[in-house]
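Chemist: Here is what each chain is made of, one letter per residue.
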Amino acid sequence: MSQTVSFLESSFDQLVAAIGNSLKPDEHFTLSLTSEQSQFTRFNHAKVRQTGSVNDGTLALTLMRDQRSSYHEFPFTGDVEVDRSRAKTALEALRKEVSQIPINPYLVFPSGTATSREIYTGELLTIEEVVPTLLPVVADLDFTGIYAAGLMIRAYADSVGQKHWFATDSFSLDYSLFTPDGQAVKGTFAGDLWNQAAYAAKIQESRTQISLLSQTPKSIDRGHYRTYLAPAAIAEMIEILSWGGVSEASYQQGGSCFAALRRGEKKLSPKFTLRENFRHGLVPRFNELGEVAPLELPIIETGEMVNMLISSKTAKEYKLAANGADQQEGLRSPEIAPGDLPSDQILAALGTGLYLSNLHYLNWSDRPTGRITGMTRYACFWVENGEIVAPIENLRFDDSLYQFWGENLVALTNVQEFIPDVGTYEHRNLGGTWVPGMIVNDFTYTL
Amino acid sequence: MIDELSKLLSSLTVSADWVGLRATQEASTHRTVRDGIPEYNSTSTTQGIMVEVLVNGQIGYAATNSLTLESVQAAALTAQRHAIVASKWAIYPTAIAARPKVVEDYTSPILKPFDALTPGEISEILIKICHTLKVSDQIVQTSATAITTETETWFVSSNGSEAHQKFWMISTDYSATAQEGAIVQRRSNNGGVAHCYQGGMEYLVTPDLWERVQQIGTQAIELLTAEECPTETTTLMLAPDQMLLQIHESVGHPLELDRILGDERNYAGGSFVKLEDFGKRVYGSPLMNITFDPTVSGEFASYRFDDTGTPATREYLIKEGTLMRGLGSLESQARAGVPGVASTRASSWNRPPIDRMGNLNLEPGNGNFQETIASIDRGVFMEANRSWSIDDQRHKFQFSCEYGKLIENGKLTKTVRNPNYRGITPTFWGSLVNVGDRSTWQMYGTPFCGKGEPNQAIRVGHGSPIAVFANVEVFGGGS
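Sequences listed follow chains A and B, in order. Be aware that the first sequence starts at 1, since it is given in our numbering, and climbs by one per residue. Be aware that the second sequence starts at 1, since it is given in our numbering, and climbs by one per residue.
Incorrect hints may appear among the rest.
Said to hold, decoys possible - In silico lysine to any residue, SDA-like type, Cα no more than 20 Å apart, as pairs:
1. A:Lys47 <-> B:Lys88
2. A:Lys202 <-> A:Ala46
3. A:Lys319 <-> B:Glu39
4. A:Lys186 <-> B:Gly262
5. B:Lys128 <-> A:Ile103
6. A:Lys96 <-> B:Thr45
7. A:Lys267 <-> B:Ala182
8. B:Lys280 <-> B:Pro339
9. A:Lys266 <-> B:Ala182
10. B:Lys88 <-> A:Ala139
11. A:Lys96 <-> B:Thr118
12. A:Lys47 <-> B:Ala90
13. A:Lys96 <-> B:Ser42
14. A:Lys313 <-> B:Gly36
15. A:Lys266 <-> B:Gly181
16. A:Lys47 <-> B:Ala336
17. A:Lys88 <-> B:Ser28
18. B:Lys88 <-> A:Thr126
19. A:Lys47 <-> B:Ile91
Claimed, not checked - Rough simulated footprint, nothing fancy, chain A against chain B, three-plus residues with beta-carbon under 8 Å:
20. 52–65
21. 73–85
22. 182–194
23. 386–394
24. 453–465
Honestly, the hints are just simulated from the structure, not real lab data. This structure is a prediction, so every number in the text was calculated from the model and none was measured. All C-beta atoms in this analysis are idealised placements derived from N, C-alpha and C, irrespective of residue type, glycine included.
Go ahead and model the full structure; you've got the sequences and the hints to work with.
Modeler: Listed below in structure tokens is the structure:
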């Protein structure tokens with residue numbers, strides 16, 4: 001990895017210098033890079049469905065002048081001559097375009113002095129090793145999923161001399177095991193160093209879970225049930241908070257589910273704390289202006305809204321102080337603080353109700369009132385008197401976060417689990433969510 | 001480019017049963033104005049080659065954004081390594097026939113080229129849209145977007161394919177958000193980024209643009225004081241801009257052969273449809289006729305052949321309520337043993353083709369808008385998708401719309417806000433009791449159809465008339 005990273009970083013640096021040298025006095029630029037050299041191997045029925053590699057890189061060059069800006073994205077190949085030529089073409093096109101674009105009074109120019117360099121080298125399986133290493137362990141199972149691995153780079157540079165470089169090797173195996181009647185358990189196994197013993201142990205854990213699914217699924221009537229939501233289910237809920245929920249701009253423009261909380265009209269439980277925590281080190285802290293987010297930023301502290309994510313642009317528009325957020329003002333390294341419920345007492349504390357391992361396809365059913373709908377998925381069970389009775393047929397829920405994270409929140413587990421972000425739209429994602437499980441009363445099921 | 005790609009192919013040194021090169025070049029512009037101020041102005045270009053290599057019945061792939069012979073040669077050898085190691089564990093032996101020879105050319109229809117308007121002129125239009133949307137101080141946000149995309153693909157293969165497609169595509173979106181205290185309502189032009197077409201600037205400044213913009217701003221305000229949608233089981237009439245979503249989620253995805261074969265179970269999910277259902281399952285009422293139609297001029301996902309080289313033709317997926325075909329090309333058809341269509345597509349050069357939708361349309365029935373309304377004693381008419389959720393088997397769904405109207409005694413009466421409905425796919429389509437005629441048929445699309453591992457977002461088109469469903473659970477918002 002180190003040779004490849006050094007070569008690509010050198011190419012990036014030369015490109016930055018070339019753009020800087022061709023800049024006019026009244027111009028500013030930022031340059032962001034997203035790059036990967038990835039292997040993707042997809043499985044179904046413990047066989048290979050598709051397998052391949054992708055070498056990709058995209059540069060985003062933003063030109064700013066006279067309170068106007070635009071950006072061009074173009075490929076990053078690592079070939080300095082090719083990339084420099086494309087950058088030159090992009091810069092010329094931007095100059096022509098920017099002069100025609102109306103003024104944006106809230107445009108923010110890069111102004112900091114931040115630099116950073118983080119390189120995480122891993123030990124990943126070779127192309128020849130992946131399939132023979134993964135599949136024999138699951139050959140007797142209905143195993144499906146994807147192994148994604150390789151080098152990922154995020155980088156930034158600008159006209160005021162800021163530069164950030166973040167490169168990491170990593171792998172993730174996102175998989176499901178199915179029973180013959182369609183019941184399933186979900187697992188993820190991720191890191192930067194392949195450990196065969198840990199992989200075998202993870203699969204063994206999933207084997208144990210799937211054995212619980214052998215009984216006929218129980219049909220549950222719609223209604224309100226005491227419910228345990230496992231960390232993976234909570235991570236799904238956290239994901240949609242980035243759809244305007246924690247964004248200051250969204251709040252100002254009528255799109256935040258937390259507006260009622262901020263106005264003091266509704267409350268959340270003092271047990272609920274949500275924060276950005278970059279101490280985990282899995283994602284870069286810099287944003288599109290080279291600004292570095294604080295290591296920790298509380299969003300909701302013991303039920304109170306204490307911060308929303310504020311980008312520099314939003315700060316300028318609404319006369320606020322920025323807090324290192326990116327332009328989307330979405331969560332990049334979220335965590336929910338754990339509670340005091342020991343993991344081995346979850347079923348006893350649940351008593352009688354539903355145990356949900358995962359949720360699926362969440363969306364707002366009424367955003368201003370915080371109402372979310374979605375489906376149960378994977379290993380979900382009916383529990384009576386602290387004992388698992390049977391898996392359930394999938395249920396639809398529709399409930400407000402002001403209820404299940406409000407007065408209906410009973411307890412959070414005393415440990416967090418890391419749920420990796422295994423998304424791969426356009427490129428492999430970094431990071432994930434650190435969340436505990438939680439027990440809630442009267443969770444609403446509608447179909 | 002075909003010549004260059006053919007030369008590249010002939011220069012490759014790789015031992016394989018079949019090799020294919022698919023080059024893609026795409027340039028998009030994205031302009032968004034929010035509250036009359038530029039929010040985004042961007043141009044994105046991407047370019048690369050997907051190399052597919054078939055060895056011992058297994059395809060391996062490698063994609064690179066470097067177009068040099070050295071890079072493509074390296075990619076071919078990488079793809080070969082993948083194929084060799086995986087061939088011992090292949091789920092199904094892929095035949096060369098799954099990548100048929102294709103010699104074709106296709107270009108989207110376009111009346112007004114993208115450069116007919118300068119970036120400045122586009123910005124002025126978007127700003128004017130924002131200003132027109134703000135019909136009152138209760139409008140707290142306005143937004144207007146125009147996205148143009150010019151995509152070209154070239155495909156050559158060792159069995160003689162030489163094919164080229166050029167797509168001109170445009171997507172537009174505008175919306176107004178109104179707020180009064182804790183009540184917030186958003187109204188858009190037929191749902192988020194629903195206006196997606198193959199064509200040019202003729203789709204940005206349409207004859208009805210300014211009247212429509214004014215109406216959207218006005219309706220956003222109207223919703224602030226509207227009653228909540230009632231909670232009842234009633235007749236539901238859906239506008240074509242919501243049928244877009246209904247067809248997509250509850251017909252399109254369940255019919256994808258890779259879902260039925262289990263490939264998608266770890267991510268997007270499976271399907272309640274089984275392989276043995278094709279040719280006999282009653283999917284909906286006899287009024288239900290769904291076509292896969294890549295031939296509709298201007299529809300977002302029209303094309304001449306898919307990304308495996310299979311020629312694309314119009315076919316009935318569901319005819320008079322009976323399931324006829326699935327969505328998937330020759331490779332999936334061979335695995336599944338059921339008929340399909342040419343719909344195995346890739347989102348770009350850096351992803352392998354998988355079974356997708358293309359244009360999926362509900363064919364017209366009888367009755368114009370007024371006649372259809374007049375036939376309903378009591379019900380709700382819903383327009384424009386706002387939110388959607390459906391289970392991993394495409395069975396239990398809940399969708400919400402932006403704007404609703406009560407239907408009482410054969411007439412549209414009160415406006416209702418937060419209109420939601422829920423149902424179970426076979427029951428819902430089985431209760432299709434009326435389909436509007438051609439005069440009510442409209443086509444839309446979306447650039448955001450997501451599935452696949454690695455993930456791929458792809459463009460699809462959906463056309464539909466108004467449609468009426470009996471005995472549907474509808475309800476409003478609030479906690």
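Chemist: Each hint should be assessed against the structure and marked as holding or not.
Modeler: Verification of the supplied hints:
For the proposed pair A:Lys47 and B:Lys88, the alpha carbon gap of about 9 Å is at most 20 Å, so the pair holds. A threshold of 20 Å between alpha carbons decides the hint, and for A:Lys202 with A:Ala46 the separation of about 16 Å falls inside it, so the pair holds. Proposed proximity of A:Lys319 and B:Glu39 is supported: the alpha carbons are some 18 Å apart, at most 20 Å. In summary, the hint linking A:Lys186 to B:Gly262 is supported, as the alpha carbons are separated by about 15 Å, within the 20 Å threshold.
A C-alpha spacing of about 15 Å is found between B:Lys128 and A:Ile103, which places the hinted pair at or below 20 Å, so the restraint holds. Between A:Lys96 and B:Thr45, the direct Cα distance comes to roughly 17 Å. Compliance with the 20 Å bound is thereby established for this hinted pair. Distance restraint check for A:Lys267 and B:Ala182: the Cα-Cα separation of roughly 15 Å lies within the 20 Å cut-off, and the hinted pair is therefore satisfied. Between B:Lys280 and B:Pro339 the CA atoms are separated by roughly 13 Å; this keeps the pair inside 20 Å, and the hint holds.
Distance hint between A:Lys266 and B:Ala182 is fulfilled; the C-alpha atoms sit about 11 Å from each other, no more than 20 Å. At roughly 13 Å between alpha-carbon atoms, B:Lys88 and A:Ala139 fall within 20 Å of each other, so this suggested pair holds. The straight-line distance between the Cα atoms of A:Lys96 and B:Thr118 is roughly 11 Å, inside the 20 Å bound, and the hint therefore holds. Distance check on the hinted pair: A:Lys47 and B:Ala90 sit about 6 Å apart at the alpha-carbon level, within 20 Å; holds.
Restraint check for A:Lys96 and B:Ser42: satisfied, since their Cα atoms lie roughly 13 Å apart, inside the 20 Å limit. In summary, the hint linking A:Lys313 to B:Gly36 is supported, as the alpha carbons are separated by about 16 Å, within the 20 Å threshold. For the given pair, A:Lys266 sits about 14 Å from B:Gly181 by alpha-carbon distance, which is consistent with the 20 Å threshold. Taken as a hint, the A:Lys47 and B:Ala336 pair is honoured in the structure, with Cα atoms around 16 Å apart against an allowance of 20 Å.
Restraint check: the Cα-Cα separation between A:Lys88 and B:Ser28 comes to about 18 Å, which is no more than 20 Å; the hinted pair holds. Note on B:Lys88 and A:Thr126: the hinted pairing holds, with a Cα-Cα distance of about 17 Å set against a maximum of 20 Å. The suggested pairing of A:Lys47 with B:Ile91 holds, with an alpha-carbon distance near 5 Å, which does not exceed 20 Å. For the segment 52–65 of chain B, the proposed coverage by chain A is satisfied: 8 residues have a C-beta within less than 8 Å of a C-beta in that chain, meeting the threshold of three.
For the segment 73–85 of chain B, the assignment as covered by chain A holds, since 7 residues bring a beta-carbon within under 8 Å of that chain's beta-carbons and 3 suffice. Here's how the segment 182–194 of chain B fares: 4 of its residues keep a CB closer than 8 Å to some CB of chain A, so the rule of at least three is met and the hint holds. Coverage of the segment 386–394 of chain B by chain A holds. Counting CB-CB distances below 8 Å, 7 residues qualify, and the rule asks for three or more. Here's how the segment 453–465 of chain B fares: 5 of its residues keep a CB closer than 8 Å to some CB of chain A, so the rule of at least three is met and the hint holds.
Violated hints: none; the structure is consistent with every hint.
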